[in-house]
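Sequences listed follow chains A and B, in order. The first sequence begins at 1 in the working numbering and counts up one residue at a time. The second sequence begins at 1 in the working numbering and counts up one residue at a time.
By construction, these hints were calculated from the structure, which means they are not laboratory data. Take these hints with a grain of salt, some might be off.
With a straight-line Cα cutoff of 20 Å, these simulated EDC-like cross-link-like pairs (lysine to aspartate or glutamate) come out [what the hints assert, rightly or not]: (1) B/Lys240 x B/Asp163; (2) A/Lys320 x A/Asp248; (3) B/Lys114 x A/Asp133; (4) B/Lys264 x A/Asp133; (5) B/Lys114 x A/Glu287.
Pair ranges (Cβ atoms, derived) [as the list claims (entries may be wrong)]: (6) B/Thr262 x A/Ile289: 44 to 52 Å; (7) B/Ile63 x A/Val107: 47 to 55 Å; (8) A/Pro145 x B/Leu213: 36 to 44 Å; (9) A/His238 x B/Ile190: 55 to 63 Å; (10) A/Met304 x B/Gln58: 33 to 41 Å; (11) B/Leu145 x A/Gly266: 31 to 39 Å.
We put the beta carbon where it would ideally sit given N, CA and C, even for glycine.
Given next are the chains, with one letter for each unit.
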Amino acid sequence: MNVCMSYMKKQTRQFLVVAVILALAAVLVPTLSSHYVITVVNGALVFYVGCLGICVMLGYGGMVSFATISFMGFGAYMSANLSLKAGMPFLICMLGAMVFAGFCALVIGAILLRLSGTFFTFSTVALVLIVYDLFTNLRTLTGGPDGMGGIPPFNIGSFVADTSPKNFYFLFVASILAALFVHRLKYTNLGRRLAAVRDNEIAAATMGVDVYRTKVTAFVIAGVLSGLSGSLMVHNYHFVGSSSFVFDQSTTMVIMAMLGGVSHPGGVFLGTMIITMLPEWLKPLQEYIRLFYGLGVMLLMVFMPAGLWGLGEQISTRLKERFHLSRKTRIGADDASPKEVV
Amino acid sequence: MNIGLYLQLLVIGLSMGMIYAILAMGIVLLVRAVGVLNFAQGELFMLGAYVCYALTVQLHMPIYAMLIIALLVFVLFGTLFMFAVYWPLRNSKWPATIIISTLGASVVLKEVVKLIWGSVPVVQPPIIKGVLVMGGKIRIEYQYLFIIGIGSLLIIAVFLLFDKLFLGRTMQAAAQDSYAAQLLGIPTVITTALTYIISASLVGIGGWLVSPLFLVSTSLGSFLLKGFAGMVIGGLGDVKGAVIGSLLVGVIESFATLFTATFKDAVVFSVLIIVLIVRPTGFFGQKISEKV
């Protein structure tokens, strides 16, 4: 009983800490930052939701997929068309984008996930290229390379987001909801099935996990998140053009997810923030940026495959053991403490 | 029916198919040997084109010297590539790390090439100049026939290596089960390095072959996708299937230009998707059995 109560306290403690930090961020960031910084942060939050899809696919499911950017495109164009040509309010556009992207993910995932592992990855690359071709050439639906402009801003009822700080609130709420969803996903049945598939597909199949269905479900969830991200992008920038959905952008998103730690929504947030801020901080070295990305990714994979979050976790466990703060090294600790699901 | 037009399209299709086949062979060799997909293959292809451009146009070397030095550069590059991308990660828990690492390597290669040679595409003169004119109406450039010739030689050489030579069988053994090969005394470091070297050289030569037809630019890496399409259509993990599938892809792409010019890439990838739906292991595929 004591053990259970301590465990619950730790969870509520963590929850309170995170809630306080988020509340502070919600208040401080728009008031203390300049207009330019807020627009950059908004851009990062838009990609954060898409990278959460990568978190589900790669971090929980172990599948490298570059299709995120294509589903962002599907969601973006659906949202743009719904709001420009059908005059729907923002929430309907957002839902429409998510549903459309999810449906496309279902159809495409059902086909592509018949390939195993590395071949699936390559097929998602092919998908990005085909879809980019489609976006550039179907001018009636997408406006081609010139794109579609004049897309109305975020609005709920009479609250219209016509300034960057107001955009920030919408994006902030959307990001938090998406991150909560992805975080809870790990502890559900689907999350555990995904972890089993990631660690050893054959063993998972032997245990009765429907591997194909689990993978397709994960792909659809990632697709829905990407669709949401696309819709957010469109209403944030009031413009959508086909050049945003190239393969290079997809690799950048994967790097964002992996840098911070692909198994944890907080890690993905770190990675997204760092990669988005990097061009701003390194302005004089603008043309070497992508070179640093590439080198950084290679070094990251060798030294820190779990990303910054993984590094942080390693450091914190080492510190706890060193200072005997961990339950396991306390004198008289028993082994009955419930372990966290990895 | 315009036989001349079809003949031209067939020749172009076969020669592009040879290029895709070279790329596909490079990928399949690495997949069989180390079990991971190499995203940087397209960039190695592009590097081959740039190296040969540098040697012929910028340094004005005669063709025989250029070939020898280019091969040396590819060998060096293959080894470097292996030690940078594969070697530190060979025992990693996540196979995804190697794929991401090759992705990083592809970005690095692209940016380095851009920094050295600039991002403006450059022109490489054809290796064999001249056009074959048949019947007054059919014009087939010698470059295409040259590509078909060299491509066939390379494919035959790879098959001879793996079928006849002892070295080839050693490499196959190390690829199928590296632990057992090590027990037998086969040095897997050397065989893996050799596989990377052969793969890099193959696609490097492919880059040299294709550079007079398409400008030497940093976007040559996109050829990789068609090579991959050929590999999937022909059968995963099978070199023979990869070659046949790639030739098919080349011919399909060439004949697709009869109907549409903008969507020819989409046609090729739609065929890929159809093959994936109908027969995921490809026509000649054999499942690479996973170890439990």
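Status of the hints after comparison with the structure:
no.	hint	verdict
1	B/Lys240 x B/Asp163	12 Å, holds
2	A/Lys320 x A/Asp248	41 Å, violated
3	B/Lys114 x A/Asp133	24 Å, violated
4	B/Lys264 x A/Asp133	10 Å, holds
5	B/Lys114 x A/Glu287	10 Å, holds
6	B/Thr262 x A/Ile289: 44 to 52 Å	32 Å, violated
7	B/Ile63 x A/Val107: 47 to 55 Å	51 Å, holds
8	A/Pro145 x B/Leu213: 36 to 44 Å	26 Å, violated
9	A/His238 x B/Ile190: 55 to 63 Å	59 Å, holds
10	A/Met304 x B/Gln58: 33 to 41 Å	39 Å, holds
11	B/Leu145 x A/Gly266: 31 to 39 Å	59 Å, violated
In this structure, the hints that do not hold are numbers 2, 3, 6, 8, 11, in rising order.
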